[in-house]
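Novice: Here is how the chains run, residue by residue.
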Amino acid sequence: MNDPIDPRTDAGLAGLREPAPAGLAHSTLVAVGLADDYAVIESPVGPLRVVWNGRGVSEVSGETDDATFETRFRARTGRVARRRDALPADLARKIERRLAGDRHNRIDLDLRGASEFERAVWMKALEIPRGEVRPYGWIAAEIGRPKAVRAVGTALGHNPVPLIVPCHRVVRSDGMLGQYSLGGPENKRAILTGEGADPDELETLARAGVRFFGSDTTHIYCMPTCRDARRVTERHLMHFPSARAAEAAGYRPCKHCRPIGVQVA
Amino acid sequence: MDDRRPDDAELAARLALDLDATFEAVVRAHQDRLFTIALRTGGDRSDAEELVQDAFVRAYRALSVWPPPRIRELRLRGWLTTILLNAGRNRARVKRVPTTELAFDPGAEPAADPLARRDERETWAGLLASLSPAQRTAVVLRHVDGLSYAEIAEVVGRPEGTVKAHVHRGLATLRTALLASEGPPGGLRAEEISA
Numbered sequence: 007m008n009d010p011i012d013p014r015t016d017a018g019l020a021g022l023r024e025p026a027p028a029g030l031a032h033s034t035l036v037a038v039g040l041a042d043d044y045a046v047i048e049s050p051v052g053p054l055r056v057v058w059n060g061r062g063v064s065e066v067s068g069e070t071d072d073a074t075f076e077t078r079f080r081a082r083t084g085r086v087a088r089r090r091d092a093l094p095a096d097l098a099r100k101i102e103r104r105l106a107g108d109r110h111n112r113i114d115l116d117l118r119g120a121s122e123f124e125r126a127v128w129m130k131a132l133e134i135p136r137g138e139v140r141p142y143g144w145i146a147a148e149i150g151r152p153k154a155v156r157a158v159g160t161a162l163g164h165n166p167v168p169l170i171v172p173c174h175r176v177v178r179s180d181g182m183l184g185q186y187s188l189g190g191p192e193n194k195r196a197i198l199t200g201e202g203a204d205p206d207e208l209e210t211l212a213r214a215g216v217r218f219f220g221s222d223t224t225h226i227y228c229m230p231t232c233r234d235a236r237r238v239t240e241r242h243l244m245h246f247p248s249a250r251a252a253e254a255a256g257y258r259p260c261k262h263c264r265p266i267g268v269q270v271a
Numbered sequence: 015m016d017d018r019r020p021d022d023a024e025l026a027a028r029l030a031l032d033l034d035a036t037f038e039a040v041v042r043a044h045q046d047r048l049f050t051i052a053l054r055t056g057g058d059r060s061d062a063e064e065l066v067q068d069a070f071v072r073a074y075r076a077l078s079v080w081p082p083p084r085i086r087e088l089r090l091r092g093w094l095t096t097i098l099l100n101a102g103r104n105r106a107r108v109k110r111v112p113t114t115e116l117a118f119d120p121g122a123e124p125a126a127d128p129l130a131r132r133d134e135r136e137t138w139a140g141l142l143a144s145l146s147p148a149q150r151t152a153v154v155l156r157h158v159d160g161l162s163y164a165e166i167a168e169v170v171g172r173p174e175g176t177v178k179a180h181v182h183r184g185l186a187t188l189r190t191a192l193l194a195s196e197g198p199p200g201g202l203r204a205e206e207i208s209a
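The listed protein sequences correspond, in order, to chains Y and E. Sequential numbering of the first sequence, starting at 7, is according to the working numbering. Sequential numbering of the second sequence, starting at 15, is according to the working numbering.
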């Protein structure tokens, strides 16, 4: 210090140092994606913890206890999560619209740590419209890994953002509903029912060996929940046990639900 | 002066190796001084808080694309200050905040602060706010934060001589204003000013 400054001014100015507000460091880390915030929202399957940072939504969790959630989240991501009163307003609005079936409002996702394969599976699941389901084998075929049906199931089980990435719309290749990471199969049934699918009917068809629907006027075959199949009147609706049977009957695959290539167990 | 932040070189070296693992330490090491600078050169506490976060986010984004050798050579203290002041200028342009008129908010002081000290700080904060922006920034960086003249010159992009002049004139103005606010006899005042 070589300034001509009197001690009083020096002390007065030095006394103006001010510690940063308590939450600033965490908020900053959240903004760059090195920590997270979370809030609880209500859903058809009970309260959910939605976790986000500056890069996007990083997790949707069904755990009901903050401490359990925070510990497990930290173990998975290495990051600290802090509970907030509510989601940021724009994110809350987007999630509400997504859960209502609007696939075209973009929600940024923070999927760091996921493999390329997992990302491909999750992004493909995002294409399944509300009220419809696809078998694991459909995802496998669509992402160019037709033999990786089991790995698709595993990847969906690891989906960190259930409901936002609708892994509940992916069912077993034999048509039964299968497992669900967010609280088990009953939740899967409840969510699908809420979306306008009819899980009981789907399972009844599956037990009867029906995998595809066709229309005898268009000679197109579909996944049973495809919106095109559901427009076919009872009188013109055909049932097929396999894609091969449909093709053999002279039917071509629907361009919307793309049933071709699906391995049927 | 460097004894206040002995770990900047080490932080830069660690940043170059692993940005994500080190960035929190950078935030913890620099948040108080950046908050102080933002608060004392600009607006209220919530403006300052936003500004500091904004500056750290800009810093992170820059670091995430810089090659490690460039990060290793970084002088964090000055660099972060530059980012903060630039972010503040951009914001002031957008918001058109008359920064000199913003009163220090005594209600936002930590409750544990002794009353006398709070009054003293209010006085000094009020005096600072009466300086021109260039003088205020120079005085805050030199005497509140403790940057060297060379660092300040780099931060504000002006010659060292200009920065020194700003600090000296700013200090003189502060003394005048302090004595005026205390209303001492005229003779003493003149002596103090020239001292």
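Accuracy of the hints is not assured; some may be wrong.
As the list claims (entries may be wrong) - Among chain Y residues calculated to face chain E with C-beta under 10 Å, some are:
hint, residue
1, 16
2, 22
3, 34
As the list claims (entries may be wrong) - In silico SDA-like cross-links for lysine to any residue, where the CA-CA straight-line distance does not exceed 25 Å:
hint, chain 1, residue 1, chain 2, residue 2
4, E, 178, Y, 10
5, Y, 153, Y, 258
6, E, 178, Y, 15
7, Y, 261, Y, 250
8, E, 178, E, 71
9, E, 178, Y, 70
10, Y, 100, Y, 187
11, E, 178, Y, 12
12, Y, 100, Y, 49
13, Y, 100, Y, 90
14, Y, 261, Y, 154
15, E, 178, Y, 14
16, E, 178, Y, 17
17, Y, 100, Y, 52
18, E, 178, Y, 23
19, E, 178, Y, 21
20, E, 178, Y, 90
21, E, 178, Y, 13
22, Y, 153, Y, 133
23, E, 178, Y, 20
24, E, 178, E, 143
25, Y, 100, Y, 13
26, Y, 261, Y, 207
27, Y, 261, Y, 52
28, E, 178, Y, 22
29, Y, 100, Y, 113
30, E, 178, E, 167
31, Y, 153, Y, 113
Said to hold, decoys possible - Okay, the calculated beta carbon distance ranges per label pair:
hint, chain 1, residue 1, chain 2, residue 2, range
32, Y, 96, E, 190, 46 to 56 Å
33, Y, 113, E, 58, 25 to 35 Å
34, Y, 25, E, 32, 26 to 36 Å
Derived from the structure by calculation, the hints contain no laboratory data. Here a beta-carbon is modelled for each residue, glycine too, at the ideal position from N, C-alpha and C.
Novice: Would you list, in rising numerical order, the hints stated earlier that this structure does not obey?
Specialist: 8, 9, 20, 25, 27 and 31
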